[in-house]
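From first to last, the protein sequence lines are chains D and B.
Under our numbering, the first residue of the first sequence is numbered 1458, with each subsequent residue one higher.
Under our numbering, the first residue of the second sequence is numbered 8, with each subsequent residue one higher.
Everything labelled a hint here was simulated from the structure, so no lab data went into it.
A couple of the hints might just be wrong.
Unchecked claim - If you want the ones that stay clear, here's a sample from chain D, every Cβ over 12 Å from chain B, calculated:
#1 1965
#2 2118
#3 2144
#4 2172
As the list claims (entries may be wrong) - Result set (EDC-like, lysine to aspartate or glutamate): computed pairs, CA atoms no more than 16 Å apart in a straight line:
#5 1482(D) - 120(B)
#6 1469(D) - 80(B)
#7 94(B) - 120(B)
#8 1911(D) - 2039(D)
#9 1638(D) - 1765(D)
#10 2022(D) - 2039(D)
Virtual Cβ for every residue (Gly too), placed ideally from N, Cα, C.
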Amino acid sequence: MPKDSGIGTSPKRREDVRFLTGNGKYTDDINLTGQSHAVFARSDVAHGKINNIDISVAENMPGVLAIFTGEDFADVGGNPAGWLINSRDGEPMKEPKRPVLAHGKVRHVGDAYAAVVAETASQAQDAVDAIIADITEFPAVVDMETALAGGGFVHDEIGTNQCFDWGWIEDNRAATDAAIKSAPHVTTLSLVNNRVVPNAIETRASIADYDRGTGDYILYTTSQNPHLTRLLISAFVLGIPENKLRVVSPDVGGGFGSKIYHYGEEALVLAAAKKLCRPVKWTASRSESFLTDAHGRDHVTKIELACEKDGTFIAFRTDTMANVGAYLSNFSTVTPTFLHGTLMAGNYTVPNVYVNVKAVFTNTAPVDAYRGAGRPEATYSLERVIDKCARELSLDPIELRRKNFIKPDQFPYASAAGLEYDTGNYDALFDKLEEIVDFGGFNARRAASEKNGKLRGLGINSYIEACGIAPSNLVGILGARVGLYDAATVRVNATGNISVMVGAHSHGQGHATAFPQVVSDMLGVDENSIEIVHGDTSKIPFGMGSYGSRSLAVCGSAVVRATEKIINKARKIAAHMLEASEGDIDFKDGKFSVTGTDKSLAFGEVAFKAYVPHDYPHDELEPGLEETAFYDPANFTYPSGAYACEVEVDPDTGQVTVESFTAVDDFGNVINPMIVTGQVHGGIGQGIGQALLENCTYDESGQLLSASYMDYAMPRASDLPFYNVDHSCAMPCTHNPLGVKGCGEAGAIGSPPTIVNAVVDALHSGGHTHVTHIDMPVSPVRVWSAINN
Amino acid sequence: MQNISIKINGKSVSGSVEGRTLLVEFLRNDLNLTGTHVGCDTSQCGACTIHVNGVAVKSCTMFAAEADGFSVDTIEGQENADGSLNKIQQAFQDHHGLQCGFCTPGMVMSAADLLKNNSTPTEAEIRTHLDGNICRCTGYHNIVKAIMAASGQDVSAIAAE
Ligand code: FES
Ligand code: FES
């Protein structure tokens, strides 16, 4: 009988009602009594020396309460990179300080050099406009190749624009070089993974409050991980003790990576709240978001694929320049390295893999993890070069992939890029794709398109990603400065309802609905009696937040472990109540019973006893029913997928339309199919956006040309099709208790190469066989230019 | 400062505003109607969509003073009289047409405007209508599906759970 609740079902999301009625509580919806407002003075040049900041007019303007400049924070710590990467020669990466406010130099357009706090936001803005900044403009370092060649330095004190020169795996380098040199066939491709802006529709915002009596701070902020934000502020930046700083991350309107990181505005409002003993609020305008949110991708890559004439892969060699922008954001050094290089063997049994990544400082906004983070870059390079190779060797793109897939009986599989994949079945994913997509009818559809003057292309792709970030012992060896476990507390209240405090943070992923499904299944209680508490460091034991498709795989596992502890303790209580030995107590469907008898107790009765322990054996049992677990994963999880799409290209205009899109993913076990499907939809939407529309562009003086929704092409409803999504090919993760792998990033990883492969296919069908690649976004002008040479 | 009075969700309210105060600022800051969101500063995201005199308007494109004497409806006034979700809101929940919820009030208000003028819009008509509403989370699939469902169309053939 199909289940009607719990794991594997799709209850409607309980959080929806408040969002649909205007009752969500996002940071900017919060207003505190006596609140003042901060507005930032931001550089309008990309690179320059700050000679003087004259605030004499501004500070006397109406409503102005305080003005801060970089000088005020000269003695506090910098916002650190969370991961230490060593170069190939063993040298540690360059880590210039990232100050709260620019000091000495401004390093990108939008870099804040002062902040005004005033009674109203308008007064603060008026005063910002009256600040006179004397800044000597320097030539901007924008292009990565030029940056590496020397000249001006973004950070003079390090004397280079290269942050690191990383090799992975250095010991494989010689063998990979030799394999490529002697290979019967080598396909080479140079490509750009275009820079994008995450563009969560809610902009960043923060409100700080300070209690003069206790010395306690509260920071309400748009964060994907309030504990991490607290840790960074406490341990690195302001030095506020963690037990004096409460970080609350209420409803958050999307993150996609950009709200993982701690930003200077958070430190500023905290410092200002203390100085003024008043709440201080700041909300970014969309223009500020474009200028200062951490951007994504921005890789320039050359990849080589060496293979036998029959298509058997021999080696992948990748050279990448990764833009990190003007300052190192918290995950910016791991994204282009370990989250990218370790995936460069893809789903394949290739014996030789070598990746070189040079991270480059430029006078642009910081670049960091964006939905997929490194793995989309890896997949794009691999799957584009494989597609090109198939064409060169006249092999079917699916057959070429299948020929090289790791086979189901080879797991666990140690990839040539250093990961151990626990499980997978890539052929099964393609079998499913071939079942769902009417490949047989493609030629007829192509002919129909041609009749209308259009070219039709079919794009195929496969991917693997490493999610469930991450085993602390492994990431520690690789340079992480934090552990990447997660935590949960399950509190069974006296009347039987349950609060579950989780370190994961939901900003669209539906944790409030999905996590109770897990607990409900384990305890046999109605999922509606279970409430998820998240986003408040004062209520939750600890947590590393939500990114890297980790919420369920890592925090969900902590929830399982804490719930198991609850069951163990409740079993002891039940044994006492039923006057039986613990070993004779069965727990099933929410009932404790004595084996072989009809004596039983409902879970709620046991919970009540835990809080009303009138006849408790106090030497054996503690009152209460609340348990906490920390969970550190044993390995990454490895979702994988097979994607296909069809595009139509108008050869006269270069316009590409996506006619159909099918995603077959293996996410392991699925807790809530509706939510998982929605996550895939959203990821595909963003991936198609990157592939066809989105492009974050700076001109050579470092001005951001795409700084608003007028200039930056966000995907709209009319740009996108309905998607066909399947996740029935489930190979459960072997090392976490739920067997889940993570689904949040898949669509954004799998879709860009699928689209570009399809466009190239379309052009070839129209006889434009000279076109082997078009960089994203595959815009009409780029397609038209490619067609017309 | 200028005194204004507006009928909001059927109730008369008055206030005093600066000339530069946007209608969305008045709703959010003065009336604490924070369901109407701000997602941009160039009038493109649609998160601030409300109805003014029965027509969908981006409330960041209007000064509060311009709305003096007008009738305004926001997301806070959309539920049925008994407090249950109206049919568009219910369809969004039924078809998972929202994730983070930030674009959602604007989407619901925009959808209501569409359905008022076109009781059974096609997929293409819905997508075109939503050009002024950006959602970063859903890839639009379930939003379009929800609006079709809200208009009474059978959406069972559209892919997905
Ligand atoms: S805030 Fe009004 S359209 Fe974006
Ligand atoms: S649901 Fe998040 S922007 Fe639409």
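Each hint, compared with the structure:
no. : hint              : result
1   : 1965              : violated (3 Å)
2   : 2118              : violated (9 Å)
3   : 2144              : violated (9 Å)
4   : 2172              : violated (8 Å)
5   : 1482(D) - 120(B)  : violated (25 Å)
6   : 1469(D) - 80(B)   : violated (27 Å)
7   : 94(B) - 120(B)    : holds (13 Å)
8   : 1911(D) - 2039(D) : violated (72 Å)
9   : 1638(D) - 1765(D) : holds (12 Å)
10  : 2022(D) - 2039(D) : holds (14 Å)
The structure shown violates the earlier hints numbered 1, 2, 3, 4, 5, 6 and 8.
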